[in-house]
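In the order they appear, the protein sequences are chains A and B.
Add 127 to the 1-based position in the first sequence for the working numbering, that's all there is to it.
Add 127 to the 1-based position in the second sequence for the working numbering, that's all there is to it.
These are computed hints drawn from the structure, not numbers from a lab.
Errors might be hidden in some of the hints.
Copies of the same chain look alike in the list, so a pair counts if it fits in one copy or across any two.
Within a straight-line C-alpha distance of at most 16 Å, the following computed EDC-like cross-link-like pairs (lysine to aspartate or glutamate) qualify [as the list claims (entries may be wrong)]:
#1 177 with 209
#2 395 with 259
#3 202 with 358
#4 508 with 274
#5 459 with 274
#6 508 with 175
#7 139 with 385
#8 459 with 489
#9 347 with 420
#10 177 with 289
#11 293 with 356
#12 395 with 256
#13 136 with 187
#14 416 with 209
#15 139 with 438
#16 347 with 509
#17 512 with 438
#18 293 with 358
Keep in mind it's a predicted model, so treat the numbers as computed, not measured.
Protein chains: 2
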Amino acid sequence: MNVASFFSKSTKEALQNDPPGEWMPALPNECIRLSSGYPAPHLVPDEEIKQAVASLLKEEQDLPLHYLGSPKMEKLKEQIQERLATRGMHVGEDELLITAGACQAIDLIARILIDDETLVIVEAPTYMEALEIFQNYTSHFMSIPIDKDGLQTDLLEDLLAERKQKGLSLPRFLYTIPTFQNPTGTNMTEERRKHVLKLAAQYDFLILEDDAYGELHFEKHSTPLKAIDTDGRVLHVGSLSKVVAPGMRIGWVAAAPEFITAMAWFKKDLDHPFAQATMATYLESTDMKERLETLRSTYQAKCSVLLSALEQYMPTSASWYVPEGGYFVWLKVAVDTSELLAQAMEAGISFVPGRYFFLSQEDGTQYLRLSFSYANEKNIKEGIKRLGNLLEEVESSER
Amino acid sequence: MNVASFFSKSTKEALQNDPPGEWMPALPNECIRLSSGYPAPHLVPDEEIKQAVASLLKEEQDLPLHYLGSPKMEKLKEQIQERLATRGMHVGEDELLITAGACQAIDLIARILIDDETLVIVEAPTYMEALEIFQNYTSHFMSIPIDKDGLQTDLLEDLLAERKQKGLSLPRFLYTIPTFQNPTGTNMTEERRKHVLKLAAQYDFLILEDDAYGELHFEKHSTPLKAIDTDGRVLHVGSLSKVVAPGMRIGWVAAAPEFITAMAWFKKDLDHPFAQATMATYLESTDMKERLETLRSTYQAKCSVLLSALEQYMPTSASWYVPEGGYFVWLKVAVDTSELLAQAMEAGISFVPGRYFFLSQEDGTQYLRLSFSYANEKNIKEGIKRLGNLLEEVESSER
Numbered sequence: 128m129n130v131a132s133f134f135s136k137s138t139k140e141a142l143q144n145d146p147p148g149e150w151m152p153a154l155p156n157e158c159i160r161l162s163s164g165y166p167a168p169h170l171v172p173d174e175e176i177k178q179a180v181a182s183l184l185k186e187e188q189d190l191p192l193h194y195l196g197s198p199k200m201e202k203l204k205e206q207i208q209e210r211l212a213t214r215g216m217h218v219g220e221d222e223l224l225i226t227a228g229a230c231q232a233i234d235l236i237a238r239i240l241i242d243d244e245t246l247v248i249v250e251a252p253t254y255m256e257a258l259e260i261f262q263n264y265t266s267h268f269m270s271i272p273i274d275k276d277g278l279q280t281d282l283l284e285d286l287l288a289e290r291k292q293k294g295l296s297l298p299r300f301l302y303t304i305p306t307f308q309n310p311t312g313t314n315m316t317e318e319r320r321k322h323v324l325k326l327a328a329q330y331d332f333l334i335l336e337d338d339a340y341g342e343l344h345f346e347k348h349s350t351p352l353k354a355i356d357t358d359g360r361v362l363h364v365g366s367l368s369k370v371v372a373p374g375m376r377i378g379w380v381a382a383a384p385e386f387i388t389a390m391a392w393f394k395k396d397l398d399h400p401f402a403q404a405t406m407a408t409y410l411e412s413t414d415m416k417e418r419l420e421t422l423r424s425t426y427q428a429k430c431s432v433l434l435s436a437l438e439q440y441m442p443t444s445a446s447w448y449v450p451e452g453g454y455f456v457w458l459k460v461a462v463d464t465s466e467l468l469a470q471a472m473e474a475g476i477s478f479v480p481g482r483y484f485f486l487s488q489e490d491g492t493q494y495l496r497l498s499f500s501y502a503n504e505k506n507i508k509e510g511i512k513r514l515g516n517l518l519e520e521v522e523s524s525e526r
Numbered sequence: 128m129n130v131a132s133f134f135s136k137s138t139k140e141a142l143q144n145d146p147p148g149e150w151m152p153a154l155p156n157e158c159i160r161l162s163s164g165y166p167a168p169h170l171v172p173d174e175e176i177k178q179a180v181a182s183l184l185k186e187e188q189d190l191p192l193h194y195l196g197s198p199k200m201e202k203l204k205e206q207i208q209e210r211l212a213t214r215g216m217h218v219g220e221d222e223l224l225i226t227a228g229a230c231q232a233i234d235l236i237a238r239i240l241i242d243d244e245t246l247v248i249v250e251a252p253t254y255m256e257a258l259e260i261f262q263n264y265t266s267h268f269m270s271i272p273i274d275k276d277g278l279q280t281d282l283l284e285d286l287l288a289e290r291k292q293k294g295l296s297l298p299r300f301l302y303t304i305p306t307f308q309n310p311t312g313t314n315m316t317e318e319r320r321k322h323v324l325k326l327a328a329q330y331d332f333l334i335l336e337d338d339a340y341g342e343l344h345f346e347k348h349s350t351p352l353k354a355i356d357t358d359g360r361v362l363h364v365g366s367l368s369k370v371v372a373p374g375m376r377i378g379w380v381a382a383a384p385e386f387i388t389a390m391a392w393f394k395k396d397l398d399h400p401f402a403q404a405t406m407a408t409y410l411e412s413t414d415m416k417e418r419l420e421t422l423r424s425t426y427q428a429k430c431s432v433l434l435s436a437l438e439q440y441m442p443t444s445a446s447w448y449v450p451e452g453g454y455f456v457w458l459k460v461a462v463d464t465s466e467l468l469a470q471a472m473e474a475g476i477s478f479v480p481g482r483y484f485f486l487s488q489e490d491g492t493q494y495l496r497l498s499f500s501y502a503n504e505k506n507i508k509e510g511i512k513r514l515g516n517l518l519e520e521v522e523s524s525e526r
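Taking the hints into account, I'd like the entire structure generated from these sequences.
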């Protein structure tokens, strides 16, 4: 029996991309993980989740363990609506879909919008999982570079104008992480936010705003694109992974009702009553405003430690953006970061090589992503020290 | 902005089917629910799940709340492999994918196998959610009727031979629920099981075996198709929804490694660490053999109550199959069951009208699905009494 002969056309095409699972090597336990975009272990509310489960099952018994019927689970939507409203996003019940994390939300958006001919705009670099998702549906991309102020909207405008003038197809949507971008940590300026919305209206495309890090600002907060979108063009994707716990798999899309209806049609894992009702119970008994203050000050302090260590230990050839929030610092170095990773792991540290974040992987050769969210302050400092030493060594051996 | 103009071709096509959400009306609390394919409330282990969460988070703290890294979560796969092995299905680690329930498993199989030209064989009647999933990918179906012995494989053979002779396209896979079928409760005979595997080899198609009810036999158990498949043609879908709790959303596919790799590629909700680790902890501390004995005897007793009530209260025009396991009894009556439902709900009972289970909905007009799993014995009896009275009334008014 020839297994491959049974695959659909789109499956055959998708499997021609990089083999699945070709990703970071497994990390030994003692490794200082500057690669992981995980929340800090001590900020994960395991005790509170335990209490939430106990209180939920005491109150509702078997209800959250069926397909439907948990009153608490029904509240999660309202709670998320309220959280969005505090940031200027007023969405109705029919404009919100709860998903199993942001990735499922991005996949559902791709499912309803992308044909094999669809042109998609992505940032360069961008979130690798989103790239993989889009590549399952199309091979047509416009890749627009990021600088310290986020997506370079002037370049985007030039390219759109050029395509229009030449009579080429125009993009159906832009995928952007405007606030504390993954992997660069950059924040799109207010001017550029307005500019990109103007371009979307002018060239008639949609915007998939990935806002996983939006609430984790250090000083001033940024306005989500969704909050200043008067045209219904923004499909806003959010998640509780970075502010509560990724293992709960709670995310959402906020968008025009027609989009929500179509996404619900294709969402075939059904709801997740136990996880959703547990999260609703947790949110009900948690002062999220206070929790967010704790998260912000903790991550700001950890980021400062990382930035100081970079100043102290990096060779002069290295450069980086200073983030205003989120989990990440994006580093440019003078060596090939994929080759560097093996040596780094021998030295007991990890990072993510830049190539994973680009459509054209070779564009990422000299970059790497550092995360300050997971490792503790002592290990962050020690990790950067080892990375700095390693870079000095490699550079001097190459001279 | 014209929202519909942004939809992909396949989305536009899928949305032309019945509008999403057009399904059973909401049921008032006091309604006797003979419609719900839910486990019996007192058999849902809410206390044990609470204890599993407490013990898991005590042992692993934050680990099951991250993306990866929970040792307990890793054990779930082994536990499912062991459970499959007790039923003659010996699958390797690379032949098993954990999914968010059986529906996600079916959707992933559809995702990798179905083009818009793909021909799919379904049973008539069959599980409506699976029909909806397949219809998102193709509009080409062969529909083969069920009788008291399950899928009529002779009819299938005739139709396949005819298509081959005429040079028509042949099907890529058969979707079947051989054991305690939803909605008919029928069990495919051992002869027909062998026959369908022979046909699959002869006409080179795959078999999607949906085995959600396979462990819930009353007397003798049946051999899963996967256990007698020597050719790698069976993609076996299972779930803990019917034997533990649907709200946990734990299911799987067991299939050849190439299929598993492709499905994992398209599975973009990531894993569900909290739910999966909780389930692994629950299974570790539960004697599932004993639990299954309790489930079997309880559901057998409830089924007996329903069958006795049918004998006692149904008009002579009604007929049904006697199930050997599972959750359902399939009833044929002399009236239109979609029209009957409104009156039934006024009488405080619910069932699922037959039309939902057929590709050609009109084929289901005179059928309805009764579930004996959820309502208690007293309510089952009372519910059937009311249904019988109602049928008598409607029949006599139509005379």
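Outcome of the hint check:
{"no.": "1", "hint": "177 with 209", "in the structure": "neither (24 Å within a copy, 29 Å between copies)"}
{"no.": "2", "hint": "395 with 259", "in the structure": "between (20 Å within a copy, 9 Å between copies)"}
{"no.": "3", "hint": "202 with 358", "in the structure": "neither (28 Å within a copy, 48 Å between copies)"}
{"no.": "4", "hint": "508 with 274", "in the structure": "neither (26 Å within a copy, 70 Å between copies)"}
{"no.": "5", "hint": "459 with 274", "in the structure": "within (12 Å within a copy, 68 Å between copies)"}
{"no.": "6", "hint": "508 with 175", "in the structure": "neither (30 Å within a copy, 43 Å between copies)"}
{"no.": "7", "hint": "139 with 385", "in the structure": "between (31 Å within a copy, 12 Å between copies)"}
{"no.": "8", "hint": "459 with 489", "in the structure": "within (14 Å within a copy, 65 Å between copies)"}
{"no.": "9", "hint": "347 with 420", "in the structure": "within (12 Å within a copy, 60 Å between copies)"}
{"no.": "10", "hint": "177 with 289", "in the structure": "neither (56 Å within a copy, 60 Å between copies)"}
{"no.": "11", "hint": "293 with 356", "in the structure": "neither (29 Å within a copy, 57 Å between copies)"}
{"no.": "12", "hint": "395 with 256", "in the structure": "between (20 Å within a copy, 9 Å between copies)"}
{"no.": "13", "hint": "136 with 187", "in the structure": "neither (46 Å within a copy, 43 Å between copies)"}
{"no.": "14", "hint": "416 with 209", "in the structure": "within (12 Å within a copy, 46 Å between copies)"}
{"no.": "15", "hint": "139 with 438", "in the structure": "neither (47 Å within a copy, 54 Å between copies)"}
{"no.": "16", "hint": "347 with 509", "in the structure": "neither (30 Å within a copy, 64 Å between copies)"}
{"no.": "17", "hint": "512 with 438", "in the structure": "within (10 Å within a copy, 81 Å between copies)"}
{"no.": "18", "hint": "293 with 358", "in the structure": "neither (27 Å within a copy, 54 Å between copies)"}
Comparing the model with each earlier hint shows violations of hints 1, 3, 4, 6, 10, 11, 13, 15, 16 and 18; every other hint is respected.
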